[in-house]
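Each step along the sequence shown adds one to the number in our numbering, with nothing skipped, and position 23 is 41.
Worth flagging that the hints you see were computed from the coordinates, not collected in a lab.
One should not assume that every hint holds.
The calculated lysine-lysine pairs, modelled on DSS-like cross-linking and capped at a C-alpha distance of 27 angstroms, are [to be verified]:
1. 75 x 57
2. 158 x 42
3. 207 x 131
4. 181 x 214
5. 131 x 42
6. 181 x 22
7. 107 x 158
8. 254 x 158
9. 194 x 252
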Amino acid sequence: MLGKLFGIGVGPGDPELLTIKALKVIKEAATVFVAASSKNNYSLAAEVVRPHLPPEKELLFLPFPMTYDRDLLEEAWEVNARKIVSALKAGDVAFLTLGDPCFYSTFSYVARKVVKLLPEVEIEIIPGITAAQAAAARLKISLSEGEETVLFASGTRGGEVLKRLGGQVDTIILYKVYRTADKIYEALKEKDLLKKTSGISFCGYPQERIYSSIPSPASQKFPYFTLFIVGGKKIK
19 MLGKLFGIGV
29 GPGDPELLTI
39 KALKVIKEAA
49 TVFVAASSKN
59 NYSLAAEVVR
69 PHLPPEKELL
79 FLPFPMTYDR
89 DLLEEAWEVN
99 ARKIVSALKA
109 GDVAFLTLGD
119 PCFYSTFSYV
129 ARKVVKLLPE
139 VEIEIIPGIT
149 AAQAAAARLK
159 ISLSEGEETV
169 LFASGTRGGE
179 VLKRLGGQVD
189 TIILYKVYRT
199 ADKIYEALKE
209 KDLLKKTSGI
219 SFCGYPQERI
229 YSSIPSPASQ
239 KFPYFTLFIV
249 GGKKIK
């Protein structure tokens with residue numbers, strides 16, 4: 019009998035923020051895949067769930083390149099989708115991803131490939147706490163109140179988004195700002211939004227760093243897992 023594919027969000031990184039439902043499905047799945055960097059075969063998602071699992075529970079790493087090269091990405095999605103299809107013939111499959119499977123996640127790309135290869139597959143998505151939610155909680159910032167608007171954007175286009183919409187949207191959350199931090203910083207200055215911006219790197223991890231004010235990229239290199247919140251209202 020063909021298994022079901024579960025897309026599971028394991029949350030932002032703190033093992034205690036993994037949901038009860040996610041853990042139940044992970045424990046019961048015949049096969050558990052985790053997205054990993056093809057560069058070093060490392061997976062933060064795996065580190066989140068390991069403390070909750072018995073030693074004999076195997077986690078299988080699926081390598082994905084950290085690149086914007088669409089051809090390389092398409093190839094990785096296709097190859098890994100075929101591995102998932104093969105595993106589905108033996109039972110339920112869980113695909114683990116940081117944050118939420120429907121929010122800037124590798125899962126959606128791979129799942130669509132799986133559906134093309136196996137149209138009859140049943141898919142269930144289990145949500146996880148996003149980095150934006152965890153960051154807002156850690157920074158004690160209310161992202162929206164009443165009729166306020168919130169915009170989420172990739173840091174890759176952060177500078178462009180800020181120049182176009184900065185000041186018009188109540189709160190803007192920029193994901194993974196590390197590559198374009200200089201453009202984002204200049205846009206924040208141009209829109210007079212630096213004082214309204216907070217940031218956090220490695221939210222919830224031992225190496226976490228909070229930026230109550232955003233330093234110039236010339237003096238501060240931001241890690242891959244860095245998020246900026248522009249606007250919002252401080253609770254404390």
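Evaluation of the provided hints:
no. : hint      : verdict
1   : 75 x 57   : holds (24 angstroms)
2   : 158 x 42  : violated (30 angstroms)
3   : 207 x 131 : violated (42 angstroms)
4   : 181 x 214 : holds (15 angstroms)
5   : 131 x 42  : holds (26 angstroms)
6   : 181 x 22  : violated (44 angstroms)
7   : 107 x 158 : violated (46 angstroms)
8   : 254 x 158 : holds (6 angstroms)
9   : 194 x 252 : holds (22 angstroms)
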